Amino acid sequence: MSFVKMRDLRVAFDGTQVLHGIDLDVAKGEAVGLVGESGCGKSVTWLAALGLLPGKARVTGSVTLEGQELCGASRAALERVRGGRIAMIFQDPSSSLNPVVRVGRQITEALRIHRALEGDTARNEAIRLMDMVGIPDARGRFNTYPHEFSGGQCQRLMIAMALAGEPDLLIADEPTTALDATIQAQILDLLGTVRDETGMAMVFISHDLGAVSHICERICVMYAGRIVEEGPVQLLFDDPHHPYTRGLFDAIPRLDGGRGRLVPIHGTVPDPKNLPQGCTFSPRCPRATGFCRDNLPLLNPQPDGRQLSCIHPVPVYGQRPQVLDCRGSAAA
Amino acid sequence: MTALLEAADLVRVYEVQRGLLAKPAFVRAVDGVSLAVSAGETLGIVGESGSGKSTLGRVLLGIDPAAGGQVLFSGKPMPARGTPEWRKLRAQMQLVFQDPLAALDRRLPIAEQIGEPLIIHGLVAKADVKDRVSELMAAVGLRRDQAERYPHELSGGQRQRVVIARALATEPKLLVCDEPVSALDVSIQAQVVNLLRDLQDRHGLAMVFISHDLKVVRNIADRVAVMYLGRIVEEASSEDIFVKPLHPYTQALVSSVPVPGRRLKSRIILQGEPPNPAKRPSGCAFHPRCPMAQPPCRTSIPALRTLESKRAAACLLLDRSEVPLVT
Numbered sequence: 001m002s003f004v005k006m007r008d009l010r011v012a013f014d015g016t017q018v019l020h021g022i023d024l025d026v027a028k029g030e031a032v033g034l035v036g037e038s039g040c041g042k043s044v045t046w047l048a049a050l051g052l053l054p055g056k057a058r059v060t061g062s063v064t065l066e067g068q069e070l071c072g073a074s075r076a077a078l079e080r081v082r083g084g085r086i087a088m089i090f091q092d093p094s095s096s097l098n099p100v101v102r103v104g105r106q107i108t109e110a111l112r113i114h115r116a117l118e119g120d121t122a123r124n125e126a127i128r129l130m131d132m133v134g135i136p137d138a139r140g141r142f143n144t145y146p147h148e149f150s151g152g153q154c155q156r157l158m159i160a161m162a163l164a165g166e167p168d169l170l171i172a173d174e175p176t177t178a179l180d181a182t183i184q185a186q187i188l189d190l191l192g193t194v195r196d197e198t199g200m201a202m203v204f205i206s207h208d209l210g211a212v213s214h215i216c217e218r219i220c221v222m223y224a225g226r227i228v229e230e231g232p233v234q235l236l237f238d239d240p241h242h243p244y245t246r247g248l249f250d251a252i253p254r255l256d257g258g259r260g261r262l263v264p265i266h267g268t269v270p271d272p273k274n275l276p277q278g279c280t281f282s283p284r285c286p287r288a289t290g291f292c293r294d295n296l297p298l299l300n301p302q303p304d305g306r307q308l309s310c311i312h313p314v315p316v317y318g319q320r321p322q323v324l325d326c327r328g329s330a331a332a
Numbered sequence: 001m002t003a004l005l006e007a008a009d010l011v012r013v014y015e016v017q018r019g020l021l022a023k024p025a026f027v028r029a030v031d032g033v034s035l036a037v038s039a040g041e042t043l044g045i046v047g048e049s050g051s052g053k054s055t056l057g058r059v060l061l062g063i064d065p066a067a068g069g070q071v072l073f074s075g076k077p078m079p080a081r082g083t084p085e086w087r088k089l090r091a092q093m094q095l096v097f098q099d100p101l102a103a104l105d106r107r108l109p110i111a112e113q114i115g116e117p118l119i120i121h122g123l124v125a126k127a128d129v130k131d132r133v134s135e136l137m138a139a140v141g142l143r144r145d146q147a148e149r150y151p152h153e154l155s156g157g158q159r160q161r162v163v164i165a166r167a168l169a170t171e172p173k174l175l176v177c178d179e180p181v182s183a184l185d186v187s188i189q190a191q192v193v194n195l196l197r198d199l200q201d202r203h204g205l206a207m208v209f210i211s212h213d214l215k216v217v218r219n220i221a222d223r224v225a226v227m228y229l230g231r232i233v234e235e236a237s238s239e240d241i242f243v244k245p246l247h248p249y250t251q252a253l254v255s256s257v258p259v260p261g262r263r264l265k266s267r268i269i270l271q272g273e274p275p276n277p278a279k280r281p282s283g284c285a286f287h288p289r290c291p292m293a294q295p296p297c298r299t300s301i302p303a304l305r306t307l308e309s310k311r312a313a314a315c316l317l318l319d320r321s322e323v324p325l326v327t
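Protein chains in written order, with this note's numbering: chain A, 1 to 332; chain B, 1 to 327.
Do not take every clue at face value.
What follows is a set of in silico ranges between Cβ atoms, one per label pair, in the way DEER data are often shown [claimed, not checked]: (1) B:Ile269 x A:Glu217: 15 to 25 Å; (2) B:Arg107 x A:Asp238: 47 to 57 Å; (3) A:Pro283 x B:Glu239: 33 to 43 Å; (4) A:Thr177 x B:His203: 29 to 39 Å.
Keep in mind that the hints were calculated from the coordinates and are not lab data.
Remember, it's a predicted structure, so these values are computed and weren't measured experimentally.
From the three backbone atoms N, C-alpha and C, an ideal C-beta is built for every residue, glycine too.
With the sequences and hints as input, model every part of the structure.
Shown next, in the form of structure tokens:
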């Protein structure tokens, strides 16, 4: 059974729709990647689900956590979920930590709120968590301030703090983007280890397809506020069907590739205030026809286990693309 | 062929004030770097934050003064910063920054910004500026009707094109690009990388491409220099660096890049963090994190030595052939 279930989640800021109906399930213990370019709504999806968007955002649809509705839930109910059931870490760890509070106290605060630990019990548990995320000399550094830690270590502290509530799901929003290459590798490794040890589910939000593939079993590719392709990592990497997914792979130079010319995706991401008619990717899509420009494809299950929203998918040898039903552009 | 740009033993020292009354500390951000770039060639410079790669770019152009060493451009020493000769020479070497929005003036339409270097350096008659700007805009793939737009009306990729068009206005021989695609989305990155490569083919530009993104450097650079704490630790052809890295740091760096579709196995994961440049470790600066460090690494600083044809590395272990390095 799904741990988190989203149905037709929509978000609008000041009347501009940025999320156009997301359906997404996360099972217990599963790692799901959300991939897409800036502005595609990958972070907004989870900020909306946890009620973390500013007041001007209008959120509709349904997000349930083991049957409990979160969308429009009371602040008290959400606060029991946030940190305790679902924890979130962000791109910039140093701005997520309070600069004037000692790190040990920031972690014990989370332990007090979510697990009612006090005094020495809390202190020892905090030190254990700091140890677990790989802070050297955790006991000695318990009483230091965030500025005494490097960026990678601050991200480790954020992970320790997120683990303090023993959540069932960790949302990691671009957790390695701001870090150096060798530190990125360390944090990815840590996230993998933490998952193995705690068995918690994870949602990994990133524009880095490589990083996502290291952590996740399943990937959702998002474009302009919609999921356009979803499926197991291997399936999507070996054989992407949506022209956008394919385009993302072609646009990234490969470390094991040569110096061949890159294949960019033409044009730019559309302005949410001014989305194109029909399939929102059609103006940039090399395979688009007039039909694509008039009709919005739905995200439909495919025989091989993926979901795809495309009328003219990238052809696969020996397999005919399935004909998809469409709704008129007026419904968009 | 003689190199267009040659740097020998460059040093750049920053003074860091620690506390109100403490004595200032000195940080050698660039510490004895020598390199050469020929016309039509791209030299990639990679390294982590604090490795001195951006500082090196600025010292190469003379924007930051060097505390030691020498830069030769077309075989002649670089004139002192701020002198009329230096300004004149700067027309032949241009810098492209990471953040195009910060590099552009928000209050000027882009055509005016692209035309500015033409007027400053007096390269074309006033009446011809407009035509030349149109030419430049076409060369970087901007539409004619975008000429009167302001930077905020353009997307990130288009802004970077404006910065590149402006850099090309003076027909430079050398382009120093400091993280030119790092702030762009992947689909746009490829557009800008292709653009830089086309421009290089067309004009025979020499390029110094500074980036922390190894995948992009792999694609665009002919040769790559790897920096660690202000020094070049390895330099070789792009092929050699990425397929057969010799220095333990390069090996770790190359293996740290997540490759799509491959899981986290058999990667070299370094312990610890890059050291603080103000507290440089003794001996080889990499030894505290190096999985292969030997006792001598703590005391002697390895020199960048030529090992085989056209590649060099700075590692004591490579000096002693009996130690197996490539596994």
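Here's how the hints hold up against the structure:
no.	hint	in the structure
1	B:Ile269 x A:Glu217: 15 to 25 Å	22 Å, holds
2	B:Arg107 x A:Asp238: 47 to 57 Å	50 Å, holds
3	A:Pro283 x B:Glu239: 33 to 43 Å	38 Å, holds
4	A:Thr177 x B:His203: 29 to 39 Å	34 Å, holds
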